[in-house]
Structures are given as structure tokens and as C-alpha cells.
Amino acid sequence: MDKFISVADIADPLGGYGENLKQLLDLMGSYQKQPLKDSEIGRGKTIGLLFFNPSLRTRMSTIKASQNLGMQVISMNTSNDGWALETADGTVMDQGSAEHIKEAAAVMGTYCDLLAIRSFPSLKDRKSDYAEQVINGFVANAGVPVINLESATLHPLQSLTDVFTIDSLSKKDKPKVVLTWAPHVKALPQSVANSFAEWMQHYDCDLTIANPSGFDLSEKYRGDVTVMHDQDAALKDADFVYVKNWSAFEDYGTVGDFPDWKITAEKMKLTNDAALLHCLPVRRNVVIDDAVLDSEQSHVIQQAGNRVLAAQAVIKTIIS
Amino acid sequence: MDKFISVADIADPLGGYGENLKQLLDLMGSYQKQPLKDSEIGRGKTIGLLFFNPSLRTRMSTIKASQNLGMQVISMNTSNDGWALETADGTVMDQGSAEHIKEAAAVMGTYCDLLAIRSFPSLKDRKSDYAEQVINGFVANAGVPVINLESATLHPLQSLTDVFTIDSLSKKDKPKVVLTWAPHVKALPQSVANSFAEWMQHYDCDLTIANPSGFDLSEKYRGDVTVMHDQDAALKDADFVYVKNWSAFEDYGTVGDFPDWKITAEKMKLTNDAALLHCLPVRRNVVIDDAVLDSEQSHVIQQAGNRVLAAQAVIKTIIS
Amino acid sequence: MDKFISVADIADPLGGYGENLKQLLDLMGSYQKQPLKDSEIGRGKTIGLLFFNPSLRTRMSTIKASQNLGMQVISMNTSNDGWALETADGTVMDQGSAEHIKEAAAVMGTYCDLLAIRSFPSLKDRKSDYAEQVINGFVANAGVPVINLESATLHPLQSLTDVFTIDSLSKKDKPKVVLTWAPHVKALPQSVANSFAEWMQHYDCDLTIANPSGFDLSEKYRGDVTVMHDQDAALKDADFVYVKNWSAFEDYGTVGDFPDWKITAEKMKLTNDAALLHCLPVRRNVVIDDAVLDSEQSHVIQQAGNRVLAAQAVIKTIIS
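Protein chains in written order, with numbering that gives the first Met the number 0: chain A, 0 to 319; chain B, 0 to 319; chain C, 0 to 319.
Warning: the hint list may mix true and false statements.
What the hints assert, rightly or not - To list a few chain B residues with every Cβ distance to chain A over 10 Å, as calculated:
no.	residue
1	Asp8
2	Leu24
3	Leu26
4	Ile73
5	Ala97
6	Lys101
7	Lys219
8	Gly252
9	Ser294
10	Gln296
Unchecked claim - Here are the simulated DSSO-like pairs of lysine-lysine, each with C-alpha atoms no more than 30 Å apart in a straight line:
no.	chain 1	residue 1	chain 2	residue 2
11	A	Lys36	C	Lys36
12	A	Lys219	A	Lys175
13	A	Lys261	A	Lys185
14	C	Lys44	A	Lys44
15	A	Lys44	C	Lys2
16	A	Lys36	C	Lys44
17	B	Lys44	C	Lys44
18	B	Lys21	C	Lys44
19	C	Lys36	C	Lys315
20	B	Lys126	B	Lys36
21	C	Lys219	C	Lys123
22	B	Lys185	B	Lys171
23	B	Lys315	A	Lys44
24	B	Lys44	C	Lys315
25	A	Lys36	B	Lys36
26	B	Lys32	C	Lys44
27	B	Lys235	B	Lys170
28	A	Lys315	B	Lys44
29	A	Lys32	B	Lys315
30	B	Lys185	A	Lys44
31	A	Lys32	B	Lys2
32	B	Lys44	C	Lys36
33	B	Lys36	C	Lys36
34	B	Lys36	C	Lys315
35	B	Lys185	A	Lys185
36	A	Lys123	A	Lys185
37	B	Lys170	B	Lys32
38	C	Lys44	B	Lys36
39	C	Lys315	A	Lys44
40	A	Lys2	C	Lys219
Hints listed in this document are in silico derivations from the structure and should not be mistaken for laboratory results. The beta carbon of each residue, even a glycine, is placed where N, CA and C say it ideally should be.
Can you make the complete structure from the sequences, with help from the hints?
Below you can see the structure in the form of C-alpha cells.
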């Protein structure tokens, strides 16, 4: 594995995903039991973390994972610690950006053995966001492996975490998993949902996506997964309910006003005593009710804790 | 010791403080001679530092102490690195806060073996500030020990440092210690003064608090310590002068306009050649004159240096 | 070496520079081959990095260098992590600054074995900028060695890097080196250019400075180096072209409007197939054309990479 940007980076030579995904899940399981078992493997190696946007879980879990592998960590915020970057080719750079991604990525690549980048979408220009200029610019210019810490359209470390969490909690083969849209007050990226849809298609489950009409995800990521516009019908007999808000892909970046899509105790009763997952942060009583988040059905803290395992398995696989 | 929020956390089983306080002071003394004597004790453990407010001394001394114990350190600023947190129960989170302290604390607790939190008061709502919602929210939800890096009302690492510094410098049993209010241009928390008053009541000294009328500290923390509203009378024969501004507890958060309370060389002559202490930062010639800060009576740099010893002793005691 | 502020800090006892400069260059060469050969030398020592201004290369390369030497690193930004500092003596500090450099430097010096400071000029008050109050205030008050990570007027780690890079690339004795001004949209410090001029005078080369009339550097740093106001004439037969914008020293801080000074492929043809250097960040097509930056003549990434070697050699020399 020479980078970790999307699920495509763990494709097997013949196009399947089973073998590499299984290896990552097994490695995560082994780190869950022995976090420091590979604590010498990164000795003398440096990972550079670059945040164009705020981060709590991703920052802490990736730092922790890197330290568990014995690596040196350099963490930077571009807004305060660095410079605004230009990504377009051929620009006369007489405006706000003081540096081109060509130089920034190449220089960081000379200092680090591995770079990890977080860069959110604008949610204003779909074409530009879906072109993934920042993360692709780093991949093209860094000269070292790049890990996606949530880009404009994808969040693969979250998705690998989610697969592991579902696999750990599942009591049956081929569980019914429902990814459901839920309300929010701000326009949020589609990245977690895109990525979850993309990854779960390579895990043996019965996957349904529930969202209001007008909020279908990009076909590129949802593929031919069943999409339902009736949340109650979708939740029926679910073994896992994965809750997440996203802004519209169609009328790009608009916030949906569908308060009825909030996850309540009542809604959870429609499921097969489902386990509730959410990537966090979550706005209580807007997205999910207190009664659900504080119930035994919620596994969101355990899920967030598993982020360390995903980061550690990916970093280990890349530097080995 | 399972947390370090106030002096109560070092209470002996029978309600006294002597035994545990003495152990911490002895440990600090040993780290003063051999900073790295326990450099293996924290190996493989992670401390998470979370700053809701700026910090120089507290940040650097706590990082240094943690590194001296061989720990991994993850330091974050909420304003730039993370999210605003909601602390109230049952809120419909449709306003500024993107995450509840319940999730934030629990998640950070899964990544770290120990959390350390700085969170200043608003100085606008006394009841809310004195409820200590942030630090108590972390204690209630983190699932790991929490250290107070200055909360809305207390700053115990500073106070432990102060006890040690006074104990190191004192040339006699039961020295006369005066905590005196001094002028400032901004409304400052009462935390350092509250905490100093609270801790010094468990150290064998003759303690007086001097402040202008209307600036008495909360009775909860000053207990039955003598309070004088005449600074000159209070300073008489003092062996230690601990200088600190605080805004009013009574007319909550107001700044006092008492320029005569500035500590000058003239004022220091009233004392028994007293040692001057201040937690820093200090506004020169507003709080204390240059002539005093630059004199041999000032021990403020040594005092700040001792912050490492306090943090190291507390962290070591908690993780052992 | 007890500090690293300007080239004067590596002066030989008899006033020459050859011996110490050669030792630093040799050490850099050895770190290029074996980055971790001194990985135990800094064990138990702490370097504190303080940034009053943004930094990417300097931050990452200095952290990397420190970690390569086994040091503990504490990195802070004053704007977000700390306090504004007062530098003038005797001030009544009732305005914006909450702390005096006397205390801040002394306290940081008690926590760290070595401090490294970045502090840009105002570009408004030449006398104040050239007095170097911040970096000199740290040297005077820290009580530990101080390294200049770019001060108001100098950037010696960059210059040591530049000498090494030119020495590595040079195919002949006494190459012709041209430091040329180039256009920019913002007022930039003179520090990189001052420092380059200062250091290159101690390296065996034929040095020319090219800049528009009115943009001569301070005589203090350019000494008696040839200054030409005709860029084309200066570039003729150059072996190295070092490109950098700076704002005016004479009409202090003004931006020059000389688009013809941009470095183009056409201009590079005047040279002896010169190697192009620039300290980065660089605004493409404003300072230097894409065609030059993307050509084989550009060595700017390698040059930036060498920053680690310079920082590592300087830190090692100071702590040994």
C-alpha cells in the first residue's frame, strides 16, 4: 500500500478487496489487544500531519497511533502555523496564496517519511470539491506516501474504523446495515457518508441508504446500493444504524430541513435492537436524541476509540 | 490520587492533608535534584492536554514534566484545533456548540491515560463559573484521571508549586505569609488566589489576605483566614509577599481601581525583608514595580521553574 | 558556540570564519549520510520553539532536526498559545502586552535547555526592527542558548543551508553567485537577503547583488559586495542565481513595482547554466516563472530539504 486515499488503495491485484481488508481488520484486532506490539517499527521515521481544518478525534487518534509505532510526529495547522496554498497549475500567484502545493508538498515530503492531510470541501463548487485538488496535489507532489485524514469527498480512516466496529459487534453473518441521513443546522461534507457507502460494499452485509429525496449521494460512491426515501421503512429490522448528516450532492451544499429524520428512541424500536453508530461530533437532540445516545444501543465512544486501531494499522502497513 | 482538581484530592483518609502534601513536596524535591529519575515510569502512556485558553508556563511545564516521565504528549487548543463544547444536559444543540462534553471527554479518555484541562471562567456569571462545568464535565465523563491546569475557580498546580517554593525559601518555622491583591487593567479570575488560600491553610504558616474592601475572596476558599483591607498593615513583618490581582467575587468580575495597592520598593520595606512571589505573567509597573521585580527579593522565576516539579509529582502520583 | 543569531556567532577566535564554517558544513554532510548518527546526544534535553509568526519549513525542519538528535521538543505559537510580549525597559504595562520579555524568556529558559525564536519585523519602523528587540531580549534574559529562526533582520539557518547547498552543487572553485531581487506583491523582510549577503562573504565565491535602484540592502550586511542595478548584466555567466524579494531598506518597507525583474527562462539563458535557488515560499509566475521552477536548473526543493541539516548541525554544536 503506497497511499491511503480511498478504498481503491486496498484493492487486491485481481480487483477484489477481501484479502487486504481482512489483513487490516486482523491487524486492528491485534493492536486492540497489544497496542505497543510494533512500538519499534517506526523508530527514526517521521509522520507529518497537516490540518487545513479543525480536528479532535482524527488528530488525537493519528498522533496516538503514530506514537504507538514509535514514530516522530510533526503536527501543523495551516491556518495558524503555515501558509495558504495554491493548487491550480500555471496561476500567476499575485493574490492570497503565498505558496503552491507543488513546493509545499515536495518540501514536507523531504522532511517526513509519510504525510497525512485533512482538507474539507468548500461545499460551494461541486466540481472543484470532487476534483480533490488538495489531497491529489499532495499525492502527486509529496514524493512520500500520503494518508487521507478526511478530504473533500472521502474519509477512509473513519470507514475502516466503521467496518471494524461493525465486524466486532455483529452477532450474525450478513447483518442489515442502514446508513441514514439525519438533520443538522449546518452544511456538512458528504465525505463520511460517501466513504462509508464505498467501504461497506466490500464487507459482507445487507446495506441500505436512507435519505430524504434530493439528498442522494453521488452515484460514484453509493454504486447500486438500495436508496430509500422513507426512513421508517429503511430502519425496519436493521442490525446497525449508522447515523450521519450530509448536505445535498444534487443541489450542492444545501442543508436539508427535515426534523422528522432525527433518530429517536421511537425510531430505534423499528430496528432489530440495532447498534447505533455515528462518527462524532454529534449535536445532541438535533441529530440523535439523548435517550438514544445515552442508551446501551449506542456504541459511538467505542467506535471513536477504534480510530486509533485504524490509523495504526494503515500507518504500519504503509511503512513496512 | 485519582484526579487533581482541588486540594481535597490530596486529603488523607482521616481528613488531614499533612501526609500526602509532605509526600508530594518530597517528590518535588527529589525531581529538583534528579529530573529524569522516573523517566521510564510513563513509557507507553499518553497524556492529553486540552487548552480552552492561552497558556505559556502551564503548557510548557506540563509538557516538560510529562516528557521527563517518558510519557507521550498530545497537546490541543480548542479554539483552533477542535470544537466548541456544550456542557449543559438536555440541550437541543442547534447553536454554536458542535459537540457535547459527554462525547468529547469520553473520546479523549479512550485515547489518553490521563487528561489535563485548562478552562477559564467567563467572569460574567458567577454561579455558572463556580459550578465548574467544564472541569467537572471532564471528570464525570472522561473515564480516566483528570488534572486541573487552571479551571474557572482553582489552579492547584500553581498552589502546590507555591507551597513548595515557600517551603524551600523559608528560613523559619511558621513564616508570616501575606497574599495581597494588586492592581490590574483587566478582569482576572480568582482562581490563583482561591487556590493559594485553600492550600496554604494546610501548610504551617501565619496567613493573611490583604485586599481592598469589596474584593474579599469566596468564603468557600478563604475559610477563616484573616482578611485585612489595609495593605500596609498587612505587609508588616511579612516573610513572604504573594502578589496577585483578582476581579471581584462580590460585584462579580469587576476590576478594582486601586493604584495605591501596587507593590513598590517602599511597600516591601514594611516587610521582614520578605521574599516576593507572583504566579506570572505580571504587568510591570502596574502590579509590581521594576525595582521590586528586579531586586533580590523577587523569586518569581524560580517559582515558575518549580511548576515542572509540581506537574511531575502529580502526574507520577496519579499514574503509579 | 553559545548562541546562533548571526554569522558573528561562528567567528573563529582570530576573527576569521573558515574553521567553524567548515566544521558546520562537514557536520551537515555527515548528517546527510547518517541522519541518526547523533540520536542519543540530546537525550533528556528540551528545545523550546517559539513562533511569533507563521512557519512551515523552519518549524518542520527544526523539529525534525531536534528529534533526530533525540531531544524533547516543545513548540508554541505566541499568537494563539501564549501572550503578547513587552520588550521595552521601564514601561508601565497598562496596554496590550500581558508579559515582559524579561520574565517570558527567563521562565522559558528554566524549562528548556535551548530556545529557538522566530520574530518578523514590523517593516514600519526601521530603527526598531534593526534593533532586534525580541531576539536580543531572549538572548539577554533566557539564561540558555538561543537560536534565530528568522528575526527582524537575519535568517542564519537559511544562510547556512544556502552555503551548504551551493558548496554541494558547485562544480568549480570560486563560482559566480548572484543574489537577485525579484518582484512580489507584499512587503517582505530583508532578513534572508541580509543574511545571505553576510554569510556568502565568508565563502570563497564571486558574489554580486542585483536589485533595482532604491532597494540596496543595509550596508551593515552587504559590506563591500558589488551591487548592480542592471539585472541582465549581473546575471551574465552566473553559476548560481539566488532569487529573493525584499522590501526597501531606504524608503523602509515599501514594495517595489518592477515586474521586469521576474526570473524567466529567457533571463536564465544569460547565465552559465546556473543553478537556481530560492528559500521558499515562492509565488509562481510573480517571482519566478513556472518554466524555471519546473526546470532542471531549479534546486529549491533540495535546498529546503537541507534546512534539517543546518538546524541539526547548529543544535548539535550548541548542546555538545
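So, going through the hints one by one against the coordinates:
With a closest Cβ-Cβ approach of about 25 Å to chain A, B:Asp8 is found to remain outside the 10 Å limit, as its non-interface label requires. In this structure B:Leu24 is separated from chain A by more than 10 Å, as the shortest Cβ-Cβ distance comes to about 32 Å. For B:Leu26, the requirement that its beta carbon stay farther than 10 Å from each beta carbon of chain A is met, with the minimum near 26 Å. B:Ile73, annotated as away from the interface, has a beta carbon of chain A within 10 Å; the closest lies near 5 Å.
A beta-carbon of chain A comes within 10 Å of the beta-carbon of B:Ala97; the shortest separation is about 5 Å. The Cβ of B:Lys101 does not lie farther than 10 Å from every Cβ of chain A; its closest approach is about 8 Å, which violates its non-interface assignment. Annotated as non-interface, B:Lys219 keeps its C-beta farther than 10 Å from every C-beta of chain A; the closest such distance is 32 Å. Remark: the non-interface label on B:Gly252 is consistent with the geometry, its nearest Cβ contact in chain A lying 29 Å away (cut-off 10 Å).
At roughly 38 Å, the least C-beta separation between B:Ser294 and chain A is larger than 10 Å, which holds for a residue marked as non-interface. No Cβ of chain A comes within 10 Å of the Cβ of B:Gln296; the nearest lies about 39 Å off, and the non-interface call holds. Simply put, A:Lys36 and C:Lys36 have alpha-carbon atoms about 26 Å apart, close enough for the 30 Å limit, and the pair holds. Pair hint A:Lys219 plus A:Lys175 holds up; C-alpha atoms about 22 Å apart against a cutoff of 30 Å.
Taken as a hint, the A:Lys261 and A:Lys185 pair is honoured in the structure, with Cα atoms around 15 Å apart against an allowance of 30 Å. Restraint check for C:Lys44 and A:Lys44: the C-alpha separation of about 20 Å stays at or below 30 Å, so the hint holds. At most 30 Å may separate the alpha-carbon atoms for a hinted pair to count; A:Lys44 and C:Lys2 meet this at roughly 29 Å. About 27 Å separates the Cα atoms of A:Lys36 and C:Lys44, which keeps this hinted pair within 30 Å; it holds.
The suggested pairing of B:Lys44 with C:Lys44 holds, with an alpha-carbon distance near 20 Å, which does not exceed 30 Å. Annotation: proposed proximity of B:Lys21 to C:Lys44 holds, straight-line Cα distance about 29 Å (limit 30 Å). For the proposed pair C:Lys36 and C:Lys315, the alpha carbon gap of about 11 Å is at most 30 Å, so the pair holds. In summary, the hint linking B:Lys126 to B:Lys36 is not supported, as the alpha carbons are separated by about 43 Å, beyond the 30 Å threshold.
For the proposed pair C:Lys219 and C:Lys123, the alpha carbon gap of about 19 Å is at most 30 Å, so the pair holds. Under the criterion of a C-alpha separation no larger than 30 Å, the hint pairing B:Lys185 with B:Lys171 is inconsistent with the structure, at around 36 Å. At roughly 29 Å between alpha-carbon atoms, B:Lys315 and A:Lys44 fall within 30 Å of each other, so this suggested pair holds. The suggested pairing of B:Lys44 with C:Lys315 holds, with an alpha-carbon distance near 29 Å, which does not exceed 30 Å.
Under the criterion of a C-alpha separation no larger than 30 Å, the hint pairing A:Lys36 with B:Lys36 is consistent with the structure, at around 26 Å. Taken as a hint, the B:Lys32 and C:Lys44 pair is honoured in the structure, with Cα atoms around 15 Å apart against an allowance of 30 Å. Annotation: proposed proximity of B:Lys235 to B:Lys170 holds, straight-line Cα distance about 17 Å (limit 30 Å). Proximity of A:Lys315 to B:Lys44 is assessed by CA-CA distance (about 20 Å); at most 30 Å being required, the pair is judged to hold.
In summary, the hint linking A:Lys32 to B:Lys315 is supported, as the alpha carbons are separated by about 25 Å, within the 30 Å threshold. Distance hint between B:Lys185 and A:Lys44 is unfulfilled; the C-alpha atoms sit about 46 Å from each other, more than 30 Å. Restraint check: the Cα-Cα separation between A:Lys32 and B:Lys2 comes to about 26 Å, which is no more than 30 Å; the hinted pair holds. Restraint check: the Cα-Cα separation between B:Lys44 and C:Lys36 comes to about 27 Å, which is no more than 30 Å; the hinted pair holds.
Between B:Lys36 and C:Lys36 the alpha-carbon distance is near 26 Å, which keeps this suggested pair within the 30 Å criterion. For a cut-off of 30 Å, the pair hint linking B:Lys36 to C:Lys315 stands: about 24 Å separates their Cα positions. A C-alpha spacing of about 36 Å is found between B:Lys185 and A:Lys185, which places the hinted pair above 30 Å, so the restraint is violated. Between the alpha carbons of A:Lys123 and A:Lys185 the distance comes to roughly 13 Å, so the proposed pair stays at or under 30 Å and holds.
Using a Cα cut-off of 30 Å, the hinted pair B:Lys170 and B:Lys32 holds, with the two alpha carbons roughly 20 Å apart. A hinted pair counts as satisfied when its Cα atoms are at most 30 Å apart, and C:Lys44 with B:Lys36 qualifies at roughly 14 Å. Restraint check: the Cα-Cα separation between C:Lys315 and A:Lys44 comes to about 20 Å, which is no more than 30 Å; the hinted pair holds. Restraint check: the Cα-Cα separation between A:Lys2 and C:Lys219 comes to about 50 Å, which exceeds 30 Å; the hinted pair is violated.
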